[in-house]
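The lines below spell out each chain.
There are 2 protein chains.
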Amino acid sequence: MSSAEVSGGAFTSQPAILFDLDGTLVDSVYQHVLAWSAALEEAGIHLAVWRIHRRIGMSGGLFVSALGRETGRHLSSDEVQRLQESHVREFLKNHNQVRLLPGAKELLRHLSQSGIPWAIATSGSDRSAGPALKMLEIPQDAVVVTRDQVPFAKPDPHLFLRAAERLRVQIQNAIVVGDSVWDMLAAQRARALGVGLMSGGYGREELETAGAFRVYEDPADLLDHLDELGIRFPRT
Amino acid sequence: MSSAEVSGGAFTSQPAILFDLDGTLVDSVYQHVLAWSAALEEAGIHLAVWRIHRRIGMSGGLFVSALGRETGRHLSSDEVQRLQESHVREFLKNHNQVRLLPGAKELLRHLSQSGIPWAIATSGSDRSAGPALKMLEIPQDAVVVTRDQVPFAKPDPHLFLRAAERLRVQIQNAIVVGDSVWDMLAAQRARALGVGLMSGGYGREELETAGAFRVYEDPADLLDHLDELGIRFPRT
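Protein sequences appear in the order of chains S and U. Throughout the first sequence, residue numbering follows our numbering, covering 1 to 236 in sequence. Throughout the second sequence, residue numbering follows our numbering, covering 1 to 236 in sequence.
Fair warning: there could be bad hints in the mix.
Which copy is meant is left open, because identical chains are indistinguishable; a pair holds if it fits in one copy or across any two.
To be verified - Result set (SDA-like, lysine to any residue): computed pairs, CA atoms no more than 25 Å apart in a straight line:
#1 105 / 42
#2 105 / 143
#3 134 / 158
#4 105 / 223
#5 93 / 38
#6 105 / 224
#7 93 / 127
#8 134 / 41
#9 93 / 41
#10 105 / 47
#11 105 / 72
#12 134 / 44
#13 93 / 45
#14 93 / 46
#15 93 / 42
#16 93 / 44
#17 105 / 214
#18 134 / 110
#19 93 / 228
#20 105 / 73
#21 134 / 47
#22 105 / 127
#23 105 / 136
#24 93 / 47
Don't read these hints as lab results, they were simulated from the structure. It should be emphasised that the depicted structure is a prediction, and the values quoted were computed from it without experimental measurement.
From just these sequences and the hints, can you work out the full model?
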């Protein structure tokens, strides 16, 4: 065995963590769901609310394709643009109801203090993610990748790949933490390890079926079980 | 074998169907979730929205016990009363956003025309269920059992037992259709057959784990697959 094999090559003993935002660190999924519902109704498109919930976190383009299939209606690029704008407007209208998820700030602070690299990678735009990032009070130099910085959002792997690149870590050495099956699919496509949180409203079994190695309730629960992910700086 | 055994005793070849209301026939779960969230915030109680979603459809009393465990706060019966009232007030505020689920009316109409007994059994009160029942345009003599008519709501079996009794069918011969694990638990406790719908936002796997014999997307999907439940009057 060569020394490179013994040392694990590009693998280090400490993984990096790449977080989704909505439903993972911030309790905003249900407000996003009803904002989409209102935007669609305004455009004369009726779609059951649970179907919207199951699409939250995926790229807007894919969401619109799914819409086309499920409502039988083709949307022009102008209509798509207007829909996305009215979703953001509806969402920001009720943003004062949005709270951080339990343990979100503490988890990020603990990782920073332990020297574990972390980043946030969201399918949301700079504009819709802005207020949540502010609530998290993350350091100025934290790595945040939004929809505006990559060609394709989740479940394409680009958001997580870009986040790993900016942290200067190998994606194979990263843990992706997210609340939706799109996060788990993007994690698998990026060849990262997926870990699910139930705080976006998906059930444990659904996340496991999508490839989650473990599922926790919320950031506080993850913080309490970091050792289960092989993270050598558990909270003391 | 006696002739009673051959004929199946109390079992007839045509089952009755007992429906839950919110999330099963009416697309109202997400509005209920955010109405509870607003009512709790008003009372100074912060609970992540997904935890509320996972409690929708269970009895108010159990919901409040779960709240006590998850927030560490004991609520007086006055506080519980006020919470329930402010939930109904918040819900009715946004009731104009609530729609029927696809196929709900058609499914009930098809069952009536085929002579298959059906009833609605909801953990909701007469007051909160009223607008949804009106939208369904069900016949005057349809059997509807609400929280106000039984000592315990779901997951206790009382609502479904009372509905079967009023239809004059054996509960063992009934199929319970619902969108939440509380419906599936109540079905199991009542010794009825549980069938899940995904239209309340629970995932397929979660409903199956809770005992659903089959899981369909929504009432329209169920209507298309009645034969799979042994119902001998499929839609033609």
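Results of checking the hints against the structure:
For a Cα distance limit of 25 Å, the shortest separation of residue 105 from residue 42 across copies, 24 Å, qualifies, whereas the shortest one inside one copy, 36 Å, does not. Within a single copy, residue 105 and residue 143 get their C-alpha atoms as close as 15 Å, which meets the 25 Å cut-off; across copies the closest is 50 Å, which misses it. Taking the closest pair of Cα atoms, residue 134 and residue 158 come within 25 Å of each other only inside a single copy of the chain (24 Å); across copies the shortest separation is 48 Å, beyond that limit. Taking CA atoms no more than 25 Å apart as the test, residue 105 paired with residue 223 passes inside one copy only; the shortest distance there is 10 Å, against 47 Å between copies.
For the identical chains of this complex, residue 93 and residue 38 are neighbours both inside a copy (12 Å) and across copies (15 Å), given an alpha-carbon limit of 25 Å. Proximity of residue 105 to residue 224 under the C-alpha cut-off of 25 Å is restricted to the intra-copy arrangement: shortest distance 14 Å within a copy versus 48 Å between copies. Only within a single protomer do residue 93 and residue 127 lie at most 25 Å apart by alpha-carbon distance; the minimum there is 13 Å, versus 29 Å between protomers. Proximity of residue 134 and residue 41 under a CA criterion of 25 Å is satisfied inter-copy only: 21 Å between copies versus 30 Å inside one chain copy.
In this assembly of identical chains, the alpha carbons of residue 93 and residue 41 lie at most 25 Å apart whether taken from the same copy (16 Å) or from different copies (18 Å). Only between protomers do residue 105 and residue 47 lie at most 25 Å apart by alpha-carbon distance; the minimum there is 16 Å, versus 35 Å within a single protomer. Taking the shortest Cα distances, residue 105 and residue 72 sit within 25 Å of each other only across copies (21 Å), while inside one copy they are farther apart (42 Å). In this assembly of identical chains, residue 134 and residue 44 lie within 25 Å of each other by CA distance solely across copies; the values are 23 Å between and 34 Å within a copy.
Taking the shortest alpha-carbon separations for residue 93 and residue 45, both the intra-copy value of 20 Å and the inter-copy value of 22 Å come in at or below 25 Å. Within a single copy, residue 93 and residue 46 get their C-alpha atoms as close as 21 Å, and across copies as close as 20 Å, so both meet the 25 Å cut-off. Within a single copy, residue 93 and residue 42 get their C-alpha atoms as close as 15 Å, and across copies as close as 19 Å, so both meet the 25 Å cut-off. In this assembly of identical chains, the alpha carbons of residue 93 and residue 44 lie at most 25 Å apart whether taken from the same copy (20 Å) or from different copies (22 Å).
Within a single copy, residue 105 and residue 214 get their C-alpha atoms as close as 21 Å, which meets the 25 Å cut-off; across copies the closest is 41 Å, which misses it. In this assembly of identical chains, the alpha carbons of residue 134 and residue 110 lie at most 25 Å apart only when taken from the same copy (18 Å versus 53 Å across copies). Taking CA atoms no more than 25 Å apart as the test, residue 93 paired with residue 228 passes in neither setting, with 39 Å inside one copy and 45 Å between copies. For the identical chains of this complex, residue 105 and residue 73 are inter-copy neighbours only, at 23 Å across copies versus 42 Å inside a copy, given an alpha-carbon limit of 25 Å.
For a Cα distance limit of 25 Å, the shortest separation of residue 134 from residue 47 across copies, 21 Å, qualifies, whereas the shortest one inside one copy, 32 Å, does not. Within a single copy, residue 105 and residue 127 get their C-alpha atoms as close as 21 Å, which meets the 25 Å cut-off; across copies the closest is 41 Å, which misses it. For a Cα distance limit of 25 Å, the shortest separation of residue 105 from residue 136 inside one copy, 6 Å, qualifies, whereas the shortest one across copies, 45 Å, does not. Taking the shortest alpha-carbon separations for residue 93 and residue 47, both the intra-copy value of 21 Å and the inter-copy value of 21 Å come in at or below 25 Å.
When held up to the earlier numbered hints, the structure conflicts with hint 19 and nothing else.
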